[in-house]
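Residue strings, one per chain:
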Amino acid sequence: MDRDDPKDGSRMEESSDHEPWTQWLRQHGPRLLLLARQWTRSAADAEDVVQEAFIRFWRHQRKLPGSPFALLVTSIRRAAIDLGRRESRRTAREEAALAGEPAEAWFEPEMDGNDERRAGLEAAIRVLPEAQREVIVMKIWSDMTFEEIGKALECPANTAASRYRYAMAALRRELNAPVR
Amino acid sequence: MSDDFTDLENELKQLRPRAMPAPLIGRVAKELAEPSRRRGLFAEWRTWILPAAAAAALALTVTSIPFMMRERGIEAETAVVQPAPNPANVSAAAPTPARLHPVRATNVLYDAVNEGIVYLDEDTPAQRMRLSYLDTITWENPKGGASLQWTVPREEIYFVPVTAN
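Chains as they are written, first to last, in our numbering: chain E, 1 to 180; chain B, 1001 to 1165.
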């Protein structure tokens, strides 16, 4: 994978000290946004929790020891859970309006004309149960180990690994299923 | 079914998560450019929380030591220093119990442990410090020279805010 390791604390430290925060956010933000989307009901909510977590991180937590990416993942998850609690009293009408909105793409469109395959993969990911989907997103696009995923999700690493295997098997089944 | 998902993993890794929307970058920039929204007394809590905690601990110590001394002094009078009645002289007036006076109070810090990072109000990181003391209070009877020493362990827990700068 030709991208910087998002978990590299020293690189983050260097980046925060000598480069503008925008560069770091543009580089790692898409993965954070994709993660946030797994725990929120809309793209707008995902953006809100990423914004909240990043501001808090940049102001108060960026000098803390450990992986900044893992810290942000935990922070985003917590913010998403808090937002979910606050919004749990949303009216049925608002929920229906939200459900009727066209689904925004989670991934960039493919430029090589293979966008149909991209759409198929994305659709297959979307129908996974949340517990499996979040593990896949953390493992594939955030390069997190099962131990790190377990810590972030507050579950044993073995559980995270099992969910990942179930999710991959379900994805494969979904992609190989005849077109309905 | 095979558990080798390498091909599928590689295919998934080709997907690039959606880029950061420009308005989101703009909102973050705007918020970072503003001073923290937490204002007033709470915003400055880092500057006063430690002195306040120290002052509270000192006040508690100063007010509680005389109370503890008085309590212990009474016990000493009745349990330790009270002379036994003399059967041959039962009609004589009861002897006055010796009075113990506090003469010394010391405390020794013998251990300090950094218990790691905790979060105050869910988003403010702080280090939890556990300090272990031995408090020793000494009473003496200025007439007879009797003394009583009381040593008790005590722990204090401090939360030291971790600041970004």
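The hints are simulated quantities; they were obtained by calculation from the structure and are not laboratory data.
Among the hints, erroneous ones may be present.
Straight-line alpha carbon distances no greater than 30 Å define the calculated DSBU-like cross-link-like pairs of lysine-lysine that follow [unchecked claim]:
hint : chain 1 : residue 1 : chain 2 : residue 2
1    : E       : K63       : B       : K1143
2    : E       : K151      : E       : K63
3    : B       : K1143     : E       : K151
Residues of chain E clear of chain B, computed beta-carbon distances all greater than 12 Å [said to hold, decoys possible]:
hint : residue
4    : G84
5    : E130
6    : T145
7    : C155
Cβ coordinates follow ideal geometry from the N, Cα and C atoms, glycine included.
Going down the list of hints, with the structure as the test:
1. Using a Cα cut-off of 30 Å, the hinted pair K63/E and K1143/B is violated, with the two alpha carbons roughly 62 Å apart.
2. A hinted pair counts as satisfied when its Cα atoms are at most 30 Å apart, and K151/E with K63/E qualifies at roughly 20 Å.
3. A hinted pair counts as satisfied when its Cα atoms are at most 30 Å apart, and K1143/B with K151/E does not qualify at roughly 66 Å.
4. Distance check on G84/E: its Cβ is at least 15 Å (rounded) from any Cβ of chain B, clearing the 12 Å threshold; non-interface status holds.
5. For E130/E, the non-interface assignment is confirmed: its Cβ lies about 17 Å from the closest Cβ of chain B, beyond the 12 Å cut-off.
6. Chain B leaves T145/E outside its interface by the beta-carbon criterion, the shortest separation being 14 Å against a cut-off of 12 Å.
7. Against chain B, the non-interface label of C155/E holds: every CB pair exceeds 12 Å, the least being about 20 Å.
Hint compliance for this structure: hints 1 and 3 are broken, all remaining hints hold.
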